[in-house]
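Using the sequences and the accompanying hints, generate a full structural model.
Chains as they are written, first to last, in UniProt numbering: chain F, 1 to 220; chain Y, 1 to 421; chain E, 1 to 368.
If you're looking for bench data, these hints aren't it; they were derived computationally from the structure. Heads up, the beta-carbon is just placed ideally off N, CA and C, and yes, glycines get one too. Incorrect hints may appear among the rest.
Said to hold, decoys possible - Below, in silico cross-link-like pairs of lysine-lysine (BS3-like), each with a Cα-Cα straight-line distance of 25 Å or less:
1) Y:368 to Y:48
2) Y:368 to Y:161
3) Y:204 to Y:71
4) E:348 to Y:71
5) E:351 to F:40
6) Y:71 to E:351
7) F:40 to E:55
8) Y:278 to Y:249
9) E:348 to F:195
10) Y:170 to Y:204
11) F:195 to Y:73
Said to hold, decoys possible - Interface residues of chain Y toward chain E, partial, derived using beta-carbon atoms under 8 Å:
12) 3
13) 12
14) 15
15) 65
16) 126
17) 127
18) 129
19) 136
20) 140
21) 143
22) 145
23) 161
24) 228
25) 231
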Amino acid sequence: MNTPVEFLLWVRGPGFDIALVVLLIGILIRLLEVLILGRKPDYSEPRGAELGSGLRTVITRTLPEKGSFRRSPFTVVGGYIWHIGFFISLFLFIPHIELIHATTGLSWPGIASNLVDAVAAVTIVTLVAMLFSRLSHPVKRYLSGPEDYLTWLVTILPMITGYLAYHRMVDPYPLVLGLHILSVEILMVVFPFTKLMHAFTFFIARWYNGAMAGRRGVQS
Amino acid sequence: MSEATLERGMNVFREQVNAPIASFFSSCVNCGMCAEACLFYTETGDPKYTPINKLEPLRRVWEQEFTLWGKLKSMLGLSEPVTDELLQQWEPLIYDACTLCGRCSMVCPVGNDVSYMIRHAREGFVAAGYSPEGMKGASRRAVTIGSPMGVKFHALAAQIKHVEADTGLKIPVDVEGVDYMALLSSMEIMNFPEYLEALSRIFKQAGVTWTISSEAFEATNSGIQIGSSDIARVLVDRVVVAAEKLKVKYVISPECGHAYTAIRWEGPNLIGRAYKFKVVHILELLDQLRESGRLKTEGMDETRLTFHDPCQIVRKGGVLEPPRNLLKMVASEFVEMQDAREMNWCCGGGGGVSANERAEELRLKVFKRKKTQLDELNVETLVTACANCRLIIEEGLEEYRMEIPVVGLTEMLAEHLVKEE
Amino acid sequence: MAEELKPITKTLGESLRESGVSRRGFLKFCSVTASMMALPPAMVPAIAASLDKAKRPSVIWLSFQECTGCTESLTRSHSPTVENLIFDHISLDYHHTLQVASGDAAEAAREAAMHENEGNYIVVVDGSIPLANPGFSTIAGISNLQILEETVAGAAAVVAVGTCAAFGGLPQAKPNPTGAVSVSDIVKDKPVVNVSGCPPIPTVITGVLAHFLTFGSLPELDSLGRPKVFFGKSIHDRCYRRPFYDKGLFAETFDDEGARKGWCLYRLGCKGPMTYNACATAKWNQGASWPVESGHGCLGCSEPNFWDAGGFYNALSIPDSDVIRQAAYVVGAGVAIGAAAGALNRSKQAKAASEHETVTIDDLDKRS
Numbered sequence: 001m002n003t004p005v006e007f008l009l010w011v012r013g014p015g016f017d018i019a020l021v022v023l024l025i026g027i028l029i030r031l032l033e034v035l036i037l038g039r040k041p042d043y044s045e046p047r048g049a050e051l052g053s054g055l056r057t058v059i060t061r062t063l064p065e066k067g068s069f070r071r072s073p074f075t076v077v078g079g080y081i082w083h084i085g086f087f088i089s090l091f092l093f094i095p096h097i098e099l100i101h102a103t104t105g106l107s108w109p110g111i112a113s114n115l116v117d118a119v120a121a122v123t124i125v126t127l128v129a130m131l132f133s134r135l136s137h138p139v140k141r142y143l144s145g146p147e148d149y150l151t152w153l154v155t156i157l158p159m160i161t162g163y164l165a166y167h168r169m170v171d172p173y174p175l176v177l178g179l180h181i182l183s184v185e186i187l188m189v190v191f192p193f194t195k196l197m198h199a200f201t202f203f204i205a206r207w208y209n210g211a212m213a214g215r216r217g218v219q220s
Numbered sequence: 001m002s003e004a005t006l007e008r009g010m011n012v013f014r015e016q017v018n019a020p021i022a023s024f025f026s027s028c029v030n031c032g033m034c035a036e037a038c039l040f041y042t043e044t045g046d047p048k049y050t051p052i053n054k055l056e057p058l059r060r061v062w063e064q065e066f067t068l069w070g071k072l073k074s075m076l077g078l079s080e081p082v083t084d085e086l087l088q089q090w091e092p093l094i095y096d097a098c099t100l101c102g103r104c105s106m107v108c109p110v111g112n113d114v115s116y117m118i119r120h121a122r123e124g125f126v127a128a129g130y131s132p133e134g135m136k137g138a139s140r141r142a143v144t145i146g147s148p149m150g151v152k153f154h155a156l157a158a159q160i161k162h163v164e165a166d167t168g169l170k171i172p173v174d175v176e177g178v179d180y181m182a183l184l185s186s187m188e189i190m191n192f193p194e195y196l197e198a199l200s201r202i203f204k205q206a207g208v209t210w211t212i213s214s215e216a217f218e219a220t221n222s223g224i225q226i227g228s229s230d231i232a233r234v235l236v237d238r239v240v241v242a243a244e245k246l247k248v249k250y251v252i253s254p255e256c257g258h259a260y261t262a263i264r265w266e267g268p269n270l271i272g273r274a275y276k277f278k279v280v281h282i283l284e285l286l287d288q289l290r291e292s293g294r295l296k297t298e299g300m301d302e303t304r305l306t307f308h309d310p311c312q313i314v315r316k317g318g319v320l321e322p323p324r325n326l327l328k329m330v331a332s333e334f335v336e337m338q339d340a341r342e343m344n345w346c347c348g349g350g351g352g353v354s355a356n357e358r359a360e361e362l363r364l365k366v367f368k369r370k371k372t373q374l375d376e377l378n379v380e381t382l383v384t385a386c387a388n389c390r391l392i393i394e395e396g397l398e399e400y401r402m403e404i405p406v407v408g409l410t411e412m413l414a415e416h417l418v419k420e421e
Numbered sequence: 001m002a003e004e005l006k007p008i009t010k011t012l013g014e015s016l017r018e019s020g021v022s023r024r025g026f027l028k029f030c031s032v033t034a035s036m037m038a039l040p041p042a043m044v045p046a047i048a049a050s051l052d053k054a055k056r057p058s059v060i061w062l063s064f065q066e067c068t069g070c071t072e073s074l075t076r077s078h079s080p081t082v083e084n085l086i087f088d089h090i091s092l093d094y095h096h097t098l099q100v101a102s103g104d105a106a107e108a109a110r111e112a113a114m115h116e117n118e119g120n121y122i123v124v125v126d127g128s129i130p131l132a133n134p135g136f137s138t139i140a141g142i143s144n145l146q147i148l149e150e151t152v153a154g155a156a157a158v159v160a161v162g163t164c165a166a167f168g169g170l171p172q173a174k175p176n177p178t179g180a181v182s183v184s185d186i187v188k189d190k191p192v193v194n195v196s197g198c199p200p201i202p203t204v205i206t207g208v209l210a211h212f213l214t215f216g217s218l219p220e221l222d223s224l225g226r227p228k229v230f231f232g233k234s235i236h237d238r239c240y241r242r243p244f245y246d247k248g249l250f251a252e253t254f255d256d257e258g259a260r261k262g263w264c265l266y267r268l269g270c271k272g273p274m275t276y277n278a279c280a281t282a283k284w285n286q287g288a289s290w291p292v293e294s295g296h297g298c299l300g301c302s303e304p305n306f307w308d309a310g311g312f313y314n315a316l317s318i319p320d321s322d323v324i325r326q327a328a329y330v331v332g333a334g335v336a337i338g339a340a341a342g343a344l345n346r347s348k349q350a351k352a353a354s355e356h357e358t359v360t361i362d363d364l365d366k367r368s
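Here is the structure:
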């Protein structure tokens, strides 16, 4: 790996394979570790059905409860902006769609690259602001440990390297493209071992929350 | 005599970890939003009161023993174990600073039911010997004497006599084959005998057949509060045995929050089967009577009043509409608090906090939350449906020099019953 | 070769006029050169004046492991152009393919030019230098490495023409049997300009020489030693098909509807995004067309390692492996390990439940 092209070839070849293996196996382990634990049967007479209520909560929790919104507007708005920005950058940028198309055969329309560029810039700024909030807000600072900062780092790196690659701010191009792919692979590898897993487990968590409340006749 | 040990506690922690809890811990991103839903944080500003932080011991058990990665980390000595010191340090957080009100469970963006986890975490704390003296005492009294406040049946019998004398009505005791068996909380027996009187008058008018069991009249369950299913099971079992012996169709849970959770939602799981009877909350029953026209009231209370939603009955019990339907029958100036219904703020004394003397100072401090809610409304009366909330609110109002009478909803209805000739 | 050994006397202007190039044609060349080098139009008279007075510099052209494509590119134009004439009017004192002399006479010519113009001549190199075994490529029995070192010693500057000379090129492609290296891997103490491309665009070579003649210095270079004026932007950024890329309109095959409509060739493996060159603006064959315009994706020939950058028909950032197939195995393994981990969790839970000691009111305290 002496040249940028060799580096690029490694990250998109063996590097990607390794990351994909770790990501998929890791996610499956984490999900099965949770799901197989199960829970005991509930003998209390239900007031409402669990299934529908759980599914409703999976959806409705996406919107903040209005008191929480008033009390922590920054966390809510910042959280929305960067999550949505991240997903737009990830799934609506045409080269990314091309990658997914080439590897899986799935495809959907993207949006104009300069628009994605603007979204990415906003996302990066928001992520930096979120870090600042984590360092300054008493509760977040108190709760946060190394893992919180690690997950922040591996999340923002693909955004930054992607931005640099798009604008060709690092020379030569295969190097910055390789760094971008590498940063995504780091994210993929770190993902199953950290709270990044919430991207999958929140469905389960919200469902249980909604189901248990729904059984008692409350829409949570 | 056996004793509580860390090993017993750890074993219980392991028993508690199930799919919901594992999914909750996996999902938490430390966003801190649960803090803003918790009156212990909002009123103190101390981040250690952030709900999810109260679960650190259970979180460690989950991570270190129920995830491959965590097992690897602890094998490499990279994680901090659960120790006696940790549990000792966390005991005041999980007992003094949580009322199991469940407000945090409503706001968590990833859907974590934090109060569910706290309820489970307390199981391990009890087994390891870390629970507050006040709650231990209440549990001992409940198991040995029959009630956490040490009320025996002869005390209740005395109150029954008074009520019978006042109302001229017979209060049925140990009558077999009636529809309903009423439970009471010891607070109602000792502090608010009006409840019993109200019950007897309403049931008389509505033609409800009912009884009180001399063997199981106590509705409260200290086992639920201290967080020991084993103790809770002993207490619930008494009610189940008595109700099934008297062959009642229904057991009425009184105006007491955690009693409803204990008998309605946890009870069947504690004894491991469904009941042969149904459990209704007194407000549910009254609302059914209202709907079927059996509950007839007259006159309207014209004072400006509001309703305090007891967490266990409303947010965690699902009895949302009955109190409102009933209040509207007898009060013309009923106004809702901000954040009413399933988002209401706790009085600060639920989840056993009221039985925990050590927590008193903190409890009175966080009562400011309720005070703020009441200040916004400028009401003359506060109605509620939980004897514990009622007592805690009265204490809080006194502390903050506020003169608002607190009334139980059942009594209020009884006062407006159509007078029979 | 006797004439070539004369000291340089004629200026470039004189030489051009003798060859019948009009003033108008000359100025046109100057303004094209200026615009290619991104110089303001006001510079055109200055360029013209400088070029007019420039002495014909001595140029020694060394060919190592190469295919002569670079020379072909420069010389096989269909009609004479000012660029050709410029080439005619530098003093090309040594060039295997073009010189008449051979054997000792040829080498004598090289040595004479070196001696005559000590410190002032330009060395142009095409082809890479084999280091694995000096015998792999020799000229008159002298290894490429030795010739290069000797010749460069007295040079003013070195121009590495073509990707082989600039970056190692085809000979260096895996597994690089000759141990081929680029000029800049060897020449460290002289300015080296890389004019990469396989082959490079003729105008780019003449442009570099014109710059040298005009300003007496080498143009500004990028991080790979290439003149920024020609290699400053990617093919992708200057591609006329770029709007289709931005809209997500791609040709899927070389003869589909999209291909006919001139859509982006990214999916067909176009390396435009990673390739820096002037093809999109300078074009080839007197501006007739260029690869992307003719319907084929860019191969990335002006970039290092372009032969090894995956298949020519694979897009740049896309993993080479059969992801779906791989994922299927991995999912299988994940389910197996996950189920085992889950079963372990469950048995731990069950074991804890079986070892549960009932908590009674007698064991709420800890004896300490």
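Consistency of the hints with the structure:
1. Restraint check: the Cα-Cα separation between residue 368 (chain Y) and residue 48 (chain Y) comes to about 19 Å, which is no more than 25 Å; the hinted pair holds.
2. Of the supplied pair hints, the one linking residue 368 (chain Y) and residue 161 (chain Y) is violated, its CA atoms being roughly 39 Å apart against a limit of 25 Å.
3. Simply put, residue 204 (chain Y) and residue 71 (chain Y) have alpha-carbon atoms about 63 Å apart, too far for the 25 Å limit, and the pair is violated.
4. Between the alpha carbons of residue 348 (chain E) and residue 71 (chain Y) the distance comes to roughly 13 Å, so the proposed pair stays at or under 25 Å and holds.
5. Our distance criterion of 25 Å between C-alpha atoms is met by residue 351 (chain E) and residue 40 (chain F), whose separation comes to about 15 Å.
6. Between residue 71 (chain Y) and residue 351 (chain E), the direct Cα distance comes to roughly 17 Å. Compliance with the 25 Å bound is thereby established for this hinted pair.
7. Taking the CA atoms of residue 40 (chain F) and residue 55 (chain E), the gap is about 95 Å. The hint is violated against a cut of 25 Å.
8. Distance restraint check for residue 278 (chain Y) and residue 249 (chain Y): the Cα-Cα separation of roughly 6 Å lies within the 25 Å cut-off, and the hinted pair is therefore satisfied.
9. A hinted pair counts as satisfied when its Cα atoms are at most 25 Å apart, and residue 348 (chain E) with residue 195 (chain F) qualifies at roughly 23 Å.
10. A distance of roughly 9 Å separates the Cα atoms of residue 170 (chain Y) and residue 204 (chain Y); the hinted pair therefore holds under the 25 Å criterion.
11. Between the alpha carbons of residue 195 (chain F) and residue 73 (chain Y) the distance comes to roughly 15 Å, so the proposed pair stays at or under 25 Å and holds.
12. Interface hint at residue 3 (chain Y): satisfied, since its Cβ lies 5 Å from the closest Cβ of chain E, which is below the 8 Å cut-off.
13. With 8 Å as the threshold, the beta carbon of residue 12 (chain Y) comes within range of chain E, its nearest partner Cβ sitting at about 7 Å, so the hint holds.
14. Given the 8 Å rule on beta carbons, the hint for residue 15 (chain Y) holds: about 4 Å separates it from the nearest Cβ of chain E.
15. Against a cut-off of 8 Å between C-beta atoms, the interface hint on residue 65 (chain Y) holds, since the closest Cβ of chain E lies about 6 Å away.
16. Proximity of residue 126 (chain Y) to chain E holds as hinted, the smallest CB-CB distance being about 6 Å (cut-off 8 Å).
17. Look at residue 127 (chain Y): its Cβ gets to within about 5 Å of chain E, closer than 8 Å, so that hint holds up.
18. Checking residue 129 (chain Y) against chain E: minimum C-beta separation of about 3 Å stays under 8 Å; hint holds.
19. A hinted interface residue such as residue 136 (chain Y) counts as satisfied when its beta carbon comes closer than 8 Å to some beta carbon of chain E; here the least separation is about 5 Å, so the hint holds.
20. Using the Cβ-Cβ criterion of 8 Å, the hint placing residue 140 (chain Y) at the interface with chain E is satisfied: the shortest such distance is roughly 5 Å.
21. Evaluation of the residue 143 (chain Y) hint against chain E yields a held restraint, the C-beta minimum of about 5 Å falling below 8 Å.
22. Proximity of residue 145 (chain Y) to chain E is violated relative to the hint, the smallest CB-CB distance being about 11 Å (cut-off 8 Å).
23. Among the interface hints, the one on residue 161 (chain Y) is violated; its C-beta lies about 31 Å from the nearest C-beta in chain E, farther than the 8 Å criterion.
24. Because the beta carbon of residue 228 (chain Y) sits about 5 Å from the nearest beta carbon in chain E, less than 8 Å, this interface hint is met.
25. For residue 231 (chain Y), the interface hint holds, the least distance from its beta-carbon to any beta-carbon of chain E being 6 Å, beneath 8 Å.
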